[in-house]
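Chemist: For reference, the chains in residue letters:
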Amino acid sequence: MTTPIEKVSIVISKGSLEEIYPGLIMANGARAEGMEANLFFTFFGLDAVHKKRIDHIKVATVGNPGLHIPTWAGGLPGVSSLMTKYMEHQIEELDIPGIPEFVEMISDTGAGLYGCLASVDLFGIAREDLIDQVDDIITVGEFYEMAAGGQIIFT
Amino acid sequence: MPTQQIAGVAVEVNDEGFFVDAEQWTEEMATPLAEQWGVPVPLTDKHWQVLRFMRSEYFEKGTGPTVRKLGKTSGVTVKELYQLFPKGPAKLAAGCAGIPKPRGCV
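As they're listed, the protein sequences go chains A and B.
First residue of the first sequence: 2, per the working numbering; consecutive thereafter.
First residue of the second sequence: 6, per the working numbering; consecutive thereafter.
Don't read these hints as lab results, they were simulated from the structure.
Be aware that a few hints might be false.
Unchecked claim - The calculated lysine to aspartate or glutamate pairs, modelled on DMTMM-like cross-linking and capped at a C-alpha distance of 20 Å, are: (1) B:K74 / A:E7; (2) B:K77 / A:E7; (3) B:K77 / A:E89; (4) B:K74 / A:D133; (5) A:K53 / A:E19; (6) B:K51 / A:D96; (7) B:K84 / A:E94; (8) B:K84 / A:E105; (9) B:K74 / A:E93; (10) B:K66 / B:D50; (11) A:K52 / A:E143; (12) B:K77 / B:E62; (13) B:K84 / A:E19; (14) B:K84 / A:E37; (15) B:K77 / A:E19; (16) B:K106 / A:D136; (17) B:K77 / A:E20.
None of these values were measured; they are calculated from a predicted model.
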């Protein structure tokens, strides 16, 4: 029999809706399976735990071939907002929570939420700029210590 | 399908240990099942609230609720659910309530 996974540490490094959700779903799913789960938000991924930005996460409509719209059309004013509204609607239909509610729920499941120190410094973000559910701002070394013995997933 | 003795009754379970036929479950089985699934016993009223909700949802919809659904509709918050069933509320509650493992990503 294969050994079950006991712990996952998931890195969310990008700030678009389609790059934040997968990490959140994987963290939530890990907790649902009884695994320990940590989320590490780095670079633009920090938007997912940033008080002022968490409500305004958008779908990337430029340079996103998966959307199957021409790149020039993706750059037109309002297209990103429109596509975001559309996807948010689809997500709601499936009864998947919006990002702010989802992040709060994941924290309630007991998963750890961490900001990346280098990124926080780079963007000039203070602890107070991040939502209360963030447990700590940590270094990459501390992240690896925390992840020891488990799997690391980079998104 | 393997069978297992629970509270003196032979029950059909799948490879993961979930009931194949939810009708085979009786309330006397909840505590032995909880011990088997690593749920802290004795079971409290809140545990029972979740177990009953799991079963009613299963019989109504054909699948048990996910943690998100439980947190939204069972009257027990997500935080409490993880205190009651630390190693995964929907999965463990399904195990104790004698229903198949709920399927759903969120």
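Chemist: Next, verify each hint and record whether it holds.
Modeler: Results for each hint:
1. B:K74 / A:E7: violated, 24 Å
2. B:K77 / A:E7: Measuring from Cα to Cα gives roughly 27 Å; hence the hint is violated.
3. B:K77 / A:E89: holds, 19 Å
4. B:K74 / A:D133: Violated, at about 24 Å.
5. A:K53 / A:E19: holds, 19 Å
6. B:K51 / A:D96: violated, 24 Å
7. B:K84 / A:E94: Outside the cut-off at roughly 24 Å; violated.
8. B:K84 / A:E105: holds, 10 Å
9. B:K74 / A:E93: The given pair, whose Cα atoms are some 13 Å apart, holds under the 20 Å limit.
10. B:K66 / B:D50: violated, 24 Å
11. A:K52 / A:E143: violated, 24 Å
12. B:K77 / B:E62: holds, 13 Å
13. B:K84 / A:E19: Outside the cut-off at roughly 27 Å; violated.
14. B:K84 / A:E37: Given that 20 Å is the threshold and the Cα spacing comes to 15 Å, the pair holds.
15. B:K77 / A:E19: At roughly 24 Å apart (the allowed maximum being 20 Å), E19 (chain A) and K77 (chain B) break the hint.
16. B:K106 / A:D136: Judged against 20 Å, a Cα distance of about 31 Å means the pair is violated.
17. B:K77 / A:E20: violated, 25 Å
The structure is inconsistent with the numbered hints 1, 2, 4, 6, 7, 10, 11, 13, 15, 16, 17, although it conforms to all the rest.
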